[in-house]
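Based on these hints, arrange chain Y on the given structure of chain A.
Protein sequences, first through last, are from chains A and Y.
Just so you know, the first sequence maps onto residues 14 to 339 in the working numbering.
Just so you know, the second sequence maps onto residues 17 to 458 in the working numbering.
Keep in mind that the hints were calculated from the coordinates and are not lab data.
Some hints could be false.
Said to hold, decoys possible - No farther apart than 30 Å at their CA atoms in a straight line, the calculated lysine-lysine pairs in the DSS-like style are these:
#1 A:K184 - Y:K183
#2 Y:K248 - Y:K373
#3 Y:K248 - Y:K380
#4 Y:K183 - A:K123
Claimed, not checked - Calculated Cβ distances over 10 Å to all of chain A for the following chain Y residues:
#5 P280
#6 R331
#7 G340
#8 G355
#9 I402
#10 V413
Note that beta-carbon positions come from the ideal geometry of N, C-alpha and C, so glycine has one too.
Listed here are the chains, written in short residue letters.
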Amino acid sequence: MKGIAHFISGVTVASFCPWAVEAAQNGNPAFFILGAVAGILPDTIDFKFYRFFYHHEVSVEPNPSQLDPQLIADAVAAAIAEAVATGCPVCVKLATIRIGADNWRQYRVKIDPDAGEVRVQFGPVVSTGQVPQPGTLPATRPVGLAKLSVPILQSYEPIYTIDIFDGPSFKFTRNEAGQVEIDFLPWHRNWSHSLTFGLLLAGLTSLWTWQAGVVVFGAHVLHVIEDQMGHMGTNLLPPFTKKRMPGLKIMHSGDAFPNFGCVWLCCLLIFWNLYAAIPEPLYHFSFIRLMLYTMIIPFSVFGVVRWLLVRADKGHPETLSTEWNI
Amino acid sequence: MISAMAAVLAGTVLACFLAILPGLHIYNVMGLAALFLYSLHGGGLAAMPEVYIPFMLGLVTGWSVLNTIPSVLLGAPDESAIFTVLPGQKYLMIGRGYEGTMMIGAGSLAGVFMLVFLIGPFAPKFLPVVRYVFNPHMHWILWVVIAFILMTEWPKGGNRGPAGWSKFFDAWSTLGAGLLTFFLSGLLGFLLLYRPLVSVDDAFQNIMPAFVGLFAIPWCLINAISGTEVPKQYVCDTLNINGDLLLRSSIAGGIGGGFAAFFPVITGGIGGLLAGHATAQRDERIFMMSQGVSKVVYYTGALMLFFAPGLFLTRGGGALIIKGLYTPHTWGDYYLALGSIALSGAVSFLLMSPLTKWTLKLIKVVDYRHISIFSLGIIIALVFVITGWVGLFIMTVATGIGLIPVLFGSRRLNCLGVLLLPIACNMSGVGEPIAAFLGLLK
Numbered sequence: 014m015k016g017i018a019h020f021i022s023g024v025t026v027a028s029f030c031p032w033a034v035e036a037a038q039n040g041n042p043a044f045f046i047l048g049a050v051a052g053i054l055p056d057t058i059d060f061k062f063y064r065f066f067y068h069h070e071v072s073v074e075p076n077p078s079q080l081d082p083q084l085i086a087d088a089v090a091a092a093i094a095e096a097v098a099t100g101c102p103v104c105v106k107l108a109t110i111r112i113g114a115d116n117w118r119q120y121r122v123k124i125d126p127d128a129g130e131v132r133v134q135f136g137p138v139v140s141t142g143q144v145p146q147p148g149t150l151p152a153t154r155p156v157g158l159a160k161l162s163v164p165i166l167q168s169y170e171p172i173y174t175i176d177i178f179d180g181p182s183f184k185f186t187r188n189e190a191g192q193v194e195i196d197f198l199p200w201h202r203n204w205s206h207s208l209t210f211g212l213l214l215a216g217l218t219s220l221w222t223w224q225a226g227v228v229v230f231g232a233h234v235l236h237v238i239e240d241q242m243g244h245m246g247t248n249l250l251p252p253f254t255k256k257r258m259p260g261l262k263i264m265h266s267g268d269a270f271p272n273f274g275c276v277w278l279c280c281l282l283i284f285w286n287l288y289a290a291i292p293e294p295l296y297h298f299s300f301i302r303l304m305l306y307t308m309i310i311p312f313s314v315f316g317v318v319r320w321l322l323v324r325a326d327k328g329h330p331e332t333l334s335t336e337w338n339i
Numbered sequence: 017m018i019s020a021m022a023a024v025l026a027g028t029v030l031a032c033f034l035a036i037l038p039g040l041h042i043y044n045v046m047g048l049a050a051l052f053l054y055s056l057h058g059g060g061l062a063a064m065p066e067v068y069i070p071f072m073l074g075l076v077t078g079w080s081v082l083n084t085i086p087s088v089l090l091g092a093p094d095e096s097a098i099f100t101v102l103p104g105q106k107y108l109m110i111g112r113g114y115e116g117t118m119m120i121g122a123g124s125l126a127g128v129f130m131l132v133f134l135i136g137p138f139a140p141k142f143l144p145v146v147r148y149v150f151n152p153h154m155h156w157i158l159w160v161v162i163a164f165i166l167m168t169e170w171p172k173g174g175n176r177g178p179a180g181w182s183k184f185f186d187a188w189s190t191l192g193a194g195l196l197t198f199f200l201s202g203l204l205g206f207l208l209l210y211r212p213l214v215s216v217d218d219a220f221q222n223i224m225p226a227f228v229g230l231f232a233i234p235w236c237l238i239n240a241i242s243g244t245e246v247p248k249q250y251v252c253d254t255l256n257i258n259g260d261l262l263l264r265s266s267i268a269g270g271i272g273g274g275f276a277a278f279f280p281v282i283t284g285g286i287g288g289l290l291a292g293h294a295t296a297q298r299d300e301r302i303f304m305m306s307q308g309v310s311k312v313v314y315y316t317g318a319l320m321l322f323f324a325p326g327l328f329l330t331r332g333g334g335a336l337i338i339k340g341l342y343t344p345h346t347w348g349d350y351y352l353a354l355g356s357i358a359l360s361g362a363v364s365f366l367l368m369s370p371l372t373k374w375t376l377k378l379i380k381v382v383d384y385r386h387i388s389i390f391s392l393g394i395i396i397a398l399v400f401v402i403t404g405w406v407g408l409f410i411m412t413v414a415t416g417i418g419l420i421p422v423l424f425g426s427r428r429l430n431c432l433g434v435l436l437l438p439i440a441c442n443m444s445g446v447g448e449p450i451a452a453f454l455g456l457l458k
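If we strip away everything but chain A, and leave its shape as in the complex, we get (with noise of 0.2 Å):
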């Protein structure tokens, strides 16, 4: 899920806790803002400290002014090839092609495990935003393909896409059984995204006191679960486990209606933990009432009217896309 998601749902655990929400009447902030942060410190973590200090050995950095997707696929396959032969683990850093200010050279790659190949594509030139500027596809668009000698195992998708920022990280390990394992991003969702990081969080945070340990591991166990519901998982009990167990696949983190009524619903469940905590409330109304007026109403009238609008316009709605053939 997106950090606000994250951010949100870790204020959201605080005002569950009844001695945060009487802090907070009496003018204390700390257990809100410790739930905020620890909500998003894994992300934070990961992000904006550990990948800095992570380790490639092959950094494929694309040529913008002669792109050639075979050299990425060569080097890809390179990369495996090395994996395979020394036993050894092999991290290969796919670089993006920043080409100004806003702008970015988008490619894919796509390591398929049936066809046991690496291929790769140039696609149009995005903006930060990862929208796609009209008339920026080049001309001739050839498939780098190389083949692999190994399987192939995936623990993600098959198809990378690299535009924006900071290019997407593998690690190639053999197995036992002789098969290359793909750990996509191996920087992320890692230690820091585990049960046993959110329980030394909550031991130091349980220095100050034992609700502010509740309120931080509350909100990382929090993060954990939302960031379950996608595809890459999380390595739940390092140092016990040493891989991320594979998420539920039930939406991407970048999708925008999970995220949305992610954020809708811990608003509104903020909003019913402060309004319960009230003594003698001079307003009445139930949680089912709240939910029906703020949440269930309004959202069905969303669906209904970007149906009809949608309907109005062709019956398709707009996305951002580029044709690929890789």
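For chain Y alone, kept in the frame of chain A given last:
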């Protein structure tokens, strides 16, 4: 009724000219109008509220719709418009400035629609409950928003080279600049709050020079120095948008603007940031239109809520200024406000196209660099006229801080530390001890 309509139209037309002037905030003009009304009152004359309230609403609504034009075409954004500038200027630089401006304008019209037909009817019934529940919790909400702003800035460097500290420091140069900007502007905010440098007569303009320095001047300076060449502009007949995009923009912008209009100190820029993250919309058109929605819902909505029966919420400078003149108490006041917003919003949108075309003609005839320098001159002159030499000094200091994010590529929203930090500290009861520690209470 006719006098009220005439007043709305007068306010809207005046807002047209004021909106084109870069750097001038409508609250400054409202403040001057309030001073004029006070002087009338002092001279034994009195203006009818049925006239000056629609006039003020026309001013705010017209300005919140039309200030997109200088923000996008002249590169002089105020705080609420800083997000629209990057994609807007990108449109300008590919010859589609008209399209970009009109797209944001379409969002603004959707914002007016939301205010009058969606938020307006429900606000008096539901928002008093929301305020009742959230009132004791405003302080931590503000702190949580600050934490979000500081924790969600994305490192822009550190993408190349071997792993290690050099990569880390490369990435953290932007993040560090963002943090520095926030805390320096926060310190400036403390100074302005506890040791107001502007004279008592101009107290309502206390924050104006700081805002101009933090947001408007750095952009004008960069435009003037970089010597940007604006390409030939094309005026399109239709906008590349549809109902679905407009609906999604309205939801995103409405939530952001509404959040900013309802909660204290949260500005339109922050509301836009939160809504952008929450709704996870990637399409630039949705982004731009949602910022148009957010801007109108924030500025005009904050004023509208001041008239909402059972709520009478005072948020934003506009409501504060009117509060000194008039206390709304009837449904008639609310209907007058809603009608004024509807009329002014519609007229402003109709004026948007001709004004944008006129501004594009101006850009074609006059060098963009000269326009930036001229804009800079107007802004500085306004600050001097309204706040004097002291205001110019504050503006200069604020410009230094405002240039940090521009030069380091960090988030300009960090400049809002000028409001967020001192007010959050005050709401949590630690403002005075910090001010004392800084030596501001001697």
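Status of the hints after comparison with the structure:
no. : hint            : result
1   : A:K184 - Y:K183 : 20 Å, holds
2   : Y:K248 - Y:K373 : 13 Å, holds
3   : Y:K248 - Y:K380 : 8 Å, holds
4   : Y:K183 - A:K123 : 28 Å, holds
5   : P280            : 15 Å, holds
6   : R331            : 19 Å, holds
7   : G340            : 29 Å, holds
8   : G355            : 25 Å, holds
9   : I402            : 35 Å, holds
10  : V413            : 28 Å, holds
Hint compliance for this structure: every hint is met.
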